[in-house]
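K.L.:
As you go down the protein sequences, you meet chains A and B in turn. In terms of numbering that gives the first Met the number 0, the first sequence opens at residue 0 and continues consecutively. In terms of numbering that gives the first Met the number 0, the second sequence opens at residue 0 and continues consecutively.
If you're looking for bench data, these hints aren't it; they were derived computationally from the structure. In this text, all values refer to a predicted model and were calculated from it rather than measured experimentally. Where a beta carbon is used, it is the ideal one built from N, C-alpha and C, also for glycine. Hints may be right or wrong, so weigh each one.
Pairs of lysine-lysine, DSS-like flavour, derived with a Cα cap of 30 Å [claimed, not checked]:
# : chain 1 : residue 1 : chain 2 : residue 2
1 : A       : 157       : A       : 131
2 : B       : 118       : B       : 131
3 : A       : 118       : A       : 134
4 : A       : 79        : A       : 134
5 : B       : 157       : B       : 131
6 : A       : 118       : B       : 79
7 : A       : 79        : B       : 79
8 : B       : 134       : A       : 79
9 : B       : 118       : B       : 134
Chain B side only, calculated, beta carbon under 7 Å to chain A, not exhaustive [to be verified]:
#  : residue
10 : 44
11 : 70
12 : 75
13 : 92
14 : 120
15 : 124
There are 2 protein chains.
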Amino acid sequence: MRILGIDPGLRHTGWGVIEQAGSRLTHIAHGVIRINHELPLAARLGGIHREIADLSRAYWPDFAGIEETLVNANPRSALKLGQARGAAMAALHGAGLNVLEFSPRTIKLAVVGTGAADKTQVSFMVSRLLPKAGKMSSDAADALACAICTAHHAVALKKGAA
Amino acid sequence: MRILGIDPGLRHTGWGVIEQAGSRLTHIAHGVIRINHELPLAARLGGIHREIADLSRAYWPDFAGIEETLVNANPRSALKLGQARGAAMAALHGAGLNVLEFSPRTIKLAVVGTGAADKTQVSFMVSRLLPKAGKMSSDAADALACAICTAHHAVALKKGAA
Numbered sequence: 000m001r002i003l004g005i006d007p008g009l010r011h012t013g014w015g016v017i018e019q020a021g022s023r024l025t026h027i028a029h030g031v032i033r034i035n036h037e038l039p040l041a042a043r044l045g046g047i048h049r050e051i052a053d054l055s056r057a058y059w060p061d062f063a064g065i066e067e068t069l070v071n072a073n074p075r076s077a078l079k080l081g082q083a084r085g086a087a088m089a090a091l092h093g094a095g096l097n098v099l100e101f102s103p104r105t106i107k108l109a110v111v112g113t114g115a116a117d118k119t120q121v122s123f124m125v126s127r128l129l130p131k132a133g134k135m136s137s138d139a140a141d142a143l144a145c146a147i148c149t150a151h152h153a154v155a156l157k158k159g160a161a
Numbered sequence: 000m001r002i003l004g005i006d007p008g009l010r011h012t013g014w015g016v017i018e019q020a021g022s023r024l025t026h027i028a029h030g031v032i033r034i035n036h037e038l039p040l041a042a043r044l045g046g047i048h049r050e051i052a053d054l055s056r057a058y059w060p061d062f063a064g065i066e067e068t069l070v071n072a073n074p075r076s077a078l079k080l081g082q083a084r085g086a087a088m089a090a091l092h093g094a095g096l097n098v099l100e101f102s103p104r105t106i107k108l109a110v111v112g113t114g115a116a117d118k119t120q121v122s123f124m125v126s127r128l129l130p131k132a133g134k135m136s137s138d139a140a141d142a143l144a145c146a147i148c149t150a151h152h153a154v155a156l157k158k159g160a161a
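Bound-form chain A, shown alone (with noise of 0.2 Å):
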């Protein structure tokens, strides 16, 4: 089963591809998706919408997971969050990938086992739970947590609908 991490912004957009069989996860491949923050606002969301289904087709995955967003900041940020993700969750659910959201901490105890870890913590974890995805930044290392969330919970998704 493959699964696609994603952990969205306006600016920069990471996303992470792992494969799992059994209790084994490998690492596919990462990367940030970074849009020119001078291009007018449709050409940045029509920007992640297109690189998403890029994609989606170049890896297809069979789950895909996203970071639900806090809503403790402010409301222009959460404005310009929804927005990328809103671009973002279109793609995903466009290319007919099953998307699964969850919360920053069930993402972290998924990876680090405690809701609270900082992200040091969730970049340490990623890196020894998947250790051929090498260097990366903190937005990739972000979307392989997610990622590996949803595997977790994407196995238990199949088992429930066997």
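Once you've looked at the hints, dock chain B against the given chain A.
P.N.:
Leaving out everything else, chain B in the frame of chain A:
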């Protein structure tokens, strides 16, 4: 010149198409995209994207106009609206349209002549300016108001470019 106006929302997205020739505006079509709110979020956003892509293919507009979101809302509302807006704008850009954004104040000023107009005044003036439009919901009226505002500005843009 043909213009598509969009009033995005996670439940109801109003849309309206007008044709402009000189100072003459003609109503072409309007409607509301209604997404089943019991669907998962990704499916709702994917639905908004697909419907707007379909409208763009059906009516071949030259320009699209979309209302800017005020950020005085609470973060939870801003996030929801942002997601719908992100899916809509990604679709408009993906269809190759020039997308213009206008504040609610600019739209009211263009349609009613005062930036402080209320919804009833906007609906009334849209019906006056586009007599063939007939009955419409306030979401569709807002979308047509945005299309009228876009028409005014698109003319100025075209003149500037000439």
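K.L.:
If you test the structure against every hint from before, which numbers come out violated?
P.N.:
8, 14 and 15
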